Amino acid sequence: MISCTRCKSPLSAQVLNTFAPTPCPACEEPIRADVYPALFRKLPSGRSGAPLQGEEEASCFYHPAKKAAVACSACGRFLCALCDVEFNDRHLCPACLEKGKAKRKIKNLENRRVCYDTVALSIALISMLFVWPTILSAPIVLFMVIHYWGAPSSIIPRSKIRFVLAFGIASLQIVGWILLFGSLIIA
Amino acid sequence: MTAEKSTYRRLSGKKRGFIIGHHTLWRGRDHLLQIYARWGAEDYKRYYFNDIQAIITRKTGVGRIQNIVIGVLAGLFGIFAVTSTSGWVPFNTIIAVILLLILMINLFKGPTCETHLLTAVQTEKLHSLHRLNTAQAVMNQLKPIIERHQGRIQREALAQQNAQPSDPKKKRPPTRLVQRDLKAHKHESGRVHLMLFALLIFNGLIVAAGFVLTHVGLTFLGTAVMLMMGICVVVALVKQHESNLKQPLRTMTWAALGYICFSFISAYIISVGLAFKHPEIFQNQWEMIKLFSNTTPWDSSFMMTISIIALSGAVAIGIPGLCLLRNSQQANRQASGLSTAPVSATATKRIS
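Each protein sequence line maps, in turn, to chains A and B.
The numbering used here applies: residue 1 is where the first sequence begins, and numbers increase by one.
The numbering used here applies: residue 1 is where the second sequence begins, and numbers increase by one.
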């Protein structure tokens, strides 16, 4: 049952799928609720592997007493219905799924990323506001650009422009400091 | 194992955080991706089209309140710009124009809303969809995509199924709002809140006294009250967390925090202004305090604006805060009286 997000009273069918804000029958706040068939779909119950019937049948790699239902798309190990994880139209074993998550090979399992290009550009720009910190920040930015050039950035498509800008700004800062100290030495 | 080759397309709407971060929504091949980005780190939440049960958007009054506040401030600065004859005219004019621009942009963006997405196991807020026009456009955009994954639901079937859910045993996990209500609330007497709102009114009186009186003692008293208010507001915010205090009262406490921040910032700006005006006494703290004490709202339109905002803010937060606290305490007393009534009746019976 869908409820109003303000008064939490259940919304009647007249309010659902109107595709325009309609007053909530209880609190009269304009609300639009788009409902989809998943709301009335039963949750699939958990599957358990079928037991082996004979010697000639292949067994699950992780449960030798269970019948193999499918092979892992990544490592090829036989898996029973319990061990089979269907993900992005592929059948994976729990170990490959874990490995894929840990090594960031399955993009859809990543919940967090550090975008070093944004960090480098932020350091390069913010340090410029206070001028003096650029003595330290410029080499740090250059190191970050070189070290993390190949590291994965944001999950959404993005160019290397931030790295290029950070590199350019940090280089200019270093050149500026060299010129300043050079002129001081000469003077 | 190859990496998933999914491309994302940006959906309209962006919600900026108070100081840092922003929320955006992206459409993937088979899911929606909500990104919260701040300081170079990004957090992701995915909602698969196949699992989305509903998207609900509700119009809120936040935009209207913002427009009223900005409009009043723009009007105030506009009046000062027109009536003032001192050197503050350009400053007031610039602020009034900036506020007017912000008001126009806010009006152009349209009414605000709150959008939630429901799946079988979660109810998540889609932060980026906080403008009704944008939320509706995105919902219209997503509708055919979700229907392609799940199929279409007929209105007749919806009425029938809504009346009789397919699985009556299956209970929806409570929303965050419901969860907050279901949590065991700790009892809060509201003594710190009482002190905070009383101090706010007292601070309003000090500001009002500043219109007719200038004395170092008044400045010291005002500073002490502000410091006490700062401590009280932090303690009050900690105490009201997961307590049985009513939502309007909690909001008033947050407003008090905003008021204190405004007061501190404005006092800092005035001090810096005085220091620039009188560099000869910049190093002498006592002279600075004396100079600060001699400043009155009548000195400039800027000072007058600050004083009016401080005075009206103290009254507008302090008095309703005290009233709400009284109501909240009365309601809690009644509730506790009702809950203890059957127990005491049984106890009396047992004793007799």
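Read the hints as simulated data drawn from the structure, not as lab findings.
These figures come from a predicted structure and were not determined experimentally.
Think of the CB as a built atom: it goes at the ideal place given N, C-alpha and C, for glycine as much as any other residue.
Treat the hints with caution; some may be incorrect.
With a cut-off of at most 35 Å between alpha-carbon atoms, the simulated DSBU-like pairs for lysine-lysine come out as follows [what the hints assert, rightly or not]:
| id | chain 1 | residue 1 | chain 2 | residue 2 |
| --- | --- | --- | --- | --- |
| 1 | A | Lys105 | B | Lys239 |
| 2 | A | Lys101 | B | Lys15 |
| 3 | A | Lys8 | B | Lys290 |
| 4 | A | Lys8 | A | Lys67 |
| 5 | A | Lys99 | A | Lys67 |
| 6 | B | Lys239 | A | Lys160 |
| 7 | B | Lys14 | A | Lys99 |
| 8 | B | Lys277 | B | Lys125 |
| 9 | A | Lys8 | B | Lys45 |
Derived coverage of chain A by chain B (criterion: at least 3 residues anywhere in the stretch with Cβ under 8 Å from a Cβ of chain B; other residues may be distant) [said to hold, decoys possible]:
| id | stretch |
| --- | --- |
| 10 | 4-13 |
| 11 | 118-124 |
| 12 | 134-142 |
| 13 | 153-166 |
Worksheet entry | Violated constraints from the hint list, given by number and in increasing order | Numbers 1, 3, 4, 6, 8 and 12 - these are the hints that the structure violates, sorted from lowest upward.
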